[in-house]
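Taken in sequence, the protein lines are chains X and Z.
Going by the working numbering, the first sequence opens with residue 1039, and the numbers climb by one from there.
Going by the working numbering, the second sequence opens with residue 3, and the numbers climb by one from there.
Calculated from the structure, these hints are not laboratory results.
Do not take every clue at face value.
Label pairs and their in silico Cβ distance ranges [what the hints assert, rightly or not]:
(1) Z:Lys-153 with X:Lys-1106: 47 to 57 Å
(2) X:Pro-1167 with Z:Arg-44: 37 to 47 Å
(3) X:Leu-1153 with Z:Trp-42: 46 to 56 Å
Since this is a predicted model, take the numbers as computed values, not measurements.
Virtual Cβ for every residue (Gly too), placed ideally from N, Cα, C.
Given next are the chains, with one letter for each unit.
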Amino acid sequence: MDNATGARLDDRIERSALGDQLAFEQIVTQHQGMVFSMACHFLRDRSLAEELAQEVFLSLHQNLHSIKSPEHLTFWLRKVTSHRCIDQSRRQKLRPTVSLEDVAEPAASASENDLFLSEMLRRVVDTLPEKARMVVILRYQEDLEPTEIARVLDMPLNTVKSHLRRSLSMLRDKLSRTLGEVTL
Amino acid sequence: MSRLDDELRNAFKRQQPPADFTARVLERIARQPEPRPSLWQRLAALVEPPKMRWVAIGVTAALLIAIGAAQYSRLANRVVDDTGKLSQAVPTPEEKKAVVKPAEIDVVITPSSPAAIPKKHTLSLKRHQLAAARVEKAPEMKSEAEAAKDKLMLALSIASSTLNDAQKAVHDDGPKP
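Extracted from the complex, chain Z is given alone in its bound form:
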């Protein structure tokens, strides 16, 4: 080791900062606003155990509601079928042929009345036919709609009670004063 090395070590030996350096660092830290967590940190926080429970509950409730809504929507589609029959969600080819289209209604009606029927009258007639079909099948459809409504209410009440239980459990797990 040369003398130059020794002299350099001596020249660059450590120096101490002012005595209040640590206090000033801590003061600056205290003044700093809380750092906003990044998107990844917020996503990671979602899967922490207590919050994970809420996520699971939320997903379950959303699924139950979605299933109920889908069931209700399927029954509602059957009610508005043009043929007046209670058809399936996906009609068979025969059922498709039997569906009366607006243009065909015009063809059927026009020969019986020599005067041309205005288009708005044709549409009005179609609405009347649909309404008549609904009235005809009303009791049957109503009972099915009631059943669907009951199922939906049951699903919602199950979801609600599950949420209540979970919330209670989370509160019980929380820090005691």
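In isolation and in its complexed conformation, chain X is listed as follows:
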């Protein structure tokens, strides 16, 4: 984020906290993709993800006075979205009870259809426990470093690293069995 963009966002946060609806609308527009995608990838349900994303922004509206900077705003949104997703998943038992072994094998090779490979990856990630799943989403959707993920999820750095290691190893194993001819 360059200085001018940061200053503009800073100004928007300040004006939103003072009740400027237009400034808040701009903040929502700027961050809705991040919040909605996190929820959508985690919950695998667009309508539930939209509902959760709306609640995150409602909560932001009520807590604008505590936001100190644009970086803090992004961190706050990621943290609140992550925790709400995990809570929602635990409450509604959304995580599929099927085991990794039960995930359907693709009928076509990756070279034939990249979309199919992406869907396969999402389905395998979906079988991970809640925190491990969120670690993968923050790592690959938000491109966060393990230290940043540890801060967002309030967990030790080594736990984040071991989640990532285990998840990648499992994904590699699953996909190499499925797409044996492709080097991952």
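Put chain Z on the given structure of chain X with help from the hints.
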């Protein structure tokens, strides 16, 4: 960076919510009731400048009234003293000895009348003695009570005018239409 990383980035790239997402968020915010401020927020609001002025005025007025009431109460205590003298708020040891207690009144009265005086008569006699003492010192006490009353009225009028000035100042500071 492995191909798996690239594939994961591709699989988990950001998605956009429906086009009316922002409008729906704003609509929900508009529907929400105003959040009730917490106890701390309400306490913090008290020390904001315009309200702080009212708090200071209130405290000053309360202090003036309390001082006036205390002064009045001290004088009133002197009036009801049993000895009939105008005593201090805290009596000296000699004054304490001179105070006639109800039991002593019984002892004094009983020998002069052979028949036993009922207890209610003894109490009635004590009331008469106190009333007589008050009547004796009435002019002096009355003047002191008047002085105390004047002081209290002055304190109240000062508090009232201060409050009026402050209210006027706050109204002048307020937003102009």
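- Outcome of range test on Cβ distance (Pro-1167 of chain X, Arg-44 of chain Z; 37 to 47 Å): holds (43 Å)
- Message: Given a hint of 46 to 56 Å, does the C-beta separation of Leu-1153 of chain X and Trp-42 of chain Z actually sit inside it?
- Response: Given about 53 Å between the Cβ atoms, the range holds.
- Confirm or reject the claim that Lys-153 of chain Z and Lys-1106 of chain X have a C-beta distance inside 47 to 57 Å. holds (55 Å)
In summary, the structure agrees with every hint in the numbered list given earlier.
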